[in-house]
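If you read the sequences in order, they're chains A, B and C.
Take the first sequence: its position 130, counted from the start at 1, is 130 in our numbering, and no numbers get skipped.
Take the second sequence: its position 173, counted from the start at 1, is 173 in our numbering, and no numbers get skipped.
Take the third sequence: its position 189, counted from the start at 1, is 189 in our numbering, and no numbers get skipped.
It is possible that part of the hints are untrue.
[What the hints assert, rightly or not] Keeping only pairs whose Cα atoms sit at most 27 Å apart, straight-line, the calculated DSSO-like set for lysine-lysine is:
# : chain 1 : residue 1 : chain 2 : residue 2
1 : C       : K67       : A       : K161
2 : B       : K176      : A       : K161
3 : A       : K160      : B       : K176
4 : C       : K67       : A       : K148
5 : C       : K67       : A       : K71
6 : C       : K316      : A       : K91
7 : C       : K301      : A       : K91
8 : A       : K148      : C       : K102
9 : C       : K67       : A       : K68
Rather than coming from a laboratory, the hints here were simulated on the basis of the structure.
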Amino acid sequence: MDKLDNQIILEALQDRFGATFVVLGEPHGLLTLGVESNQLIAFLEFVKNDPTLRLNYLTDITAVHYPKQEKDFCIVYHLHNMLHNVRLRLKVLVSGPTPTVPTATVLWNGANWMERETYDYFGVIFDGHPDLRRILNMDELEVFPMRKEYPLEDPNRVDKKDFYFGR
Amino acid sequence: MSKVTLAEAPPGVEGSGFFATTLDKAIGLARANSLWPLPFATSCCGIEFMATMGSTYDLARFGAERPSFSPRQADMLLVMGTIAKKMAPVLRQVYIQMAEPRWVIAVGACASSGGIFDTYSVLQGIDEIIPVDVYVPGCPPRPEAILDGVLKLQEIVKNESLNRRNTPEYKALLEKYGIATDNGNG
Amino acid sequence: MSKPITKITPNAGVFYDNDPQDELITLNLGPTHPATHGVFQNVLQIDGERIVSGVSTIGYIHRAFEKIAEHRPFYQITPLTDRLNYCSAPINNMGWHMTVEKLLEIEIPKRVQYMRVIVMELARIADHIICNGILGVDTGAFSGFLYVMQEREFIYEIFEEICGARLTTNIGRIGGFERDFNDIAFRKIEEFLERFPPVLKEFEQLFVRNRIFIERTSGVAAVTPEEALSYSWSGPILRATGVDYDVRVVDPYSSYEEFEFDVPVGTSGDVYDRFMVRNEEMWQSLRIIKQALAKIAKEPKGVFHADVPAFYLPPKEQVYTNMEALIYHFKIVMGEWETPQSEVYHAVEGANGELGFYMIHDGGRSPYRLHFRRPSFINYQMFAPMSSGMLISDAIINMSSLNVIAGELDA
């Protein structure tokens, strides 16, 4: 196999999964697909181990919060084929307040902390994760701070009067 | 001709074969020129402190030759870098473990006031949890600024009364921070 | 006012050994241990000097970068990226600028791209100097550190000449640089190219065949390529295992495809290989800088930014004298720019590995979501599992060779 592009990836995935995923576009040449959460692990396993695609490097896992949408959490996976320099972005939309997706630690050891970070920020539950605890914030934190409804600044501050800041 | 620079003698009475000064001044002089720093480096400012200790700037010129990594044998706590709320109890623990007399320098904007990180996870200045003697501004401060901070602290140390640590004012200061004054080191 | 977000609890992060009958000892390594060069805590179960198991706790300088980024316009995010990996801040700055330029589809002049390459490679050298120097200190060789630290100061002098700052440089702007390199900067870069090789050579001679160093590092913490890839490693430590993944080659940016350089790889993935890979990368960086200087000489002089007035802040003297510049200045500062709704992932080869920026933009003043793929964070998660069975002293050296930067680790 000496060439790989988004079209080949799409065809291979359509052969295997039919119409169970959606193409969300190709922003800046990076193929973006939407997957259902029950399909996710099968999907990741296929693109990781398929001899043609070999998207076997897990670049990143993160999440986005869209409070106005019905399915308000989007978990984003970035995969990379180093040989052909082709990246793939997978998105899973789930609804809160306790969004749940299956864990990718069964495929990559490195997914462990990426998922813990996502849990810490957004409260996304990764089903089957071996050690889903907070990682960056303190264990005593009661909220998931990256959700849009929580403020950036510490609301407990007493020395910061609003009228000094014109609000 | 020796290259050793002698510290300036404190004011006193000099006569043939004797020199008299106050105990405060003599001890202050000795303390100021042999401060043992405890670098509590968490982030960027710690790298600049590395440069300060390194060959070009050389903090050892001012008597701080030996960085003490144990709080028990240190007198100058240099807090360099952002202190997150998760770190705050640790910093306080380190301060409590230091023996009197102890001085604190907050190096950099983050340690002094939280800096650009006005967020839910960052302590807005270490003076919320421990008393601070000298603040060094900058994000990060240049090694010269850190040296200047140390020199400023030396002035404070030189002029500190030996009795200060036993005064009710000092005890009240520590109590304000919730630090017990009889904490094993008297 | 929403409910309390964080409170300070006494004695958080301190673990006690509860069972005195237990044969294993619980040891808190960190969070302020001098040997760890940063705020990492590892709670180790030890049997004598051998580590049985360990749990890493991180987040001691969590500063909520990603939350801040959602509240700041693009050009104010550059100072945040400085403080990710502060040992090589310019690479982070450039990576962020290129991410925004990719989103806005700005074409960057060749000369600016070469200037960026010079700055990034200098930063890479400065970072590797720290890592390898400290690795020497941890194995008991302090003098090598003192030799190379002086050269790092010289790199900082070059940065000062270019942008005025030493460590957290905030170098460059979206679209280019805030000003051209002056003659002194060029002269200093050339001087650096002359004075650094003998120092680096001497530094290598102190270590490469030093028996103590070899016995402390060789075979310590060896990692197979499969393990490394499974843990999503990147950067010098991945290359030390034998995988030739370098973003500069695989996914070139800023005209790296025009440069001729080798990607050094190791064979066993141990601490010695990591040291050697970093050393060789410094030599390659010198090669790249030399080529970039030659390429700059062929480009038209005086070009230091792209012609994008809507995004590139005009110089202050023009703002005060020129109507158009004033309008653009206001538009940029007030955030009245038209930006595409899109999402973009851009990666650069940071000193520690693949530094990625994933931005979702909804057309507003600041990113809707900005996620940093931080190599230190991802590389470090293997530390605790791989420490099992290691001696404590080996684990310390392993940690130094991973070159985990606390700011990048905790975001």
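Original post:
Hint by hint, which ones does this structure get wrong, listed from lowest number up?
Top reply: 6, 7
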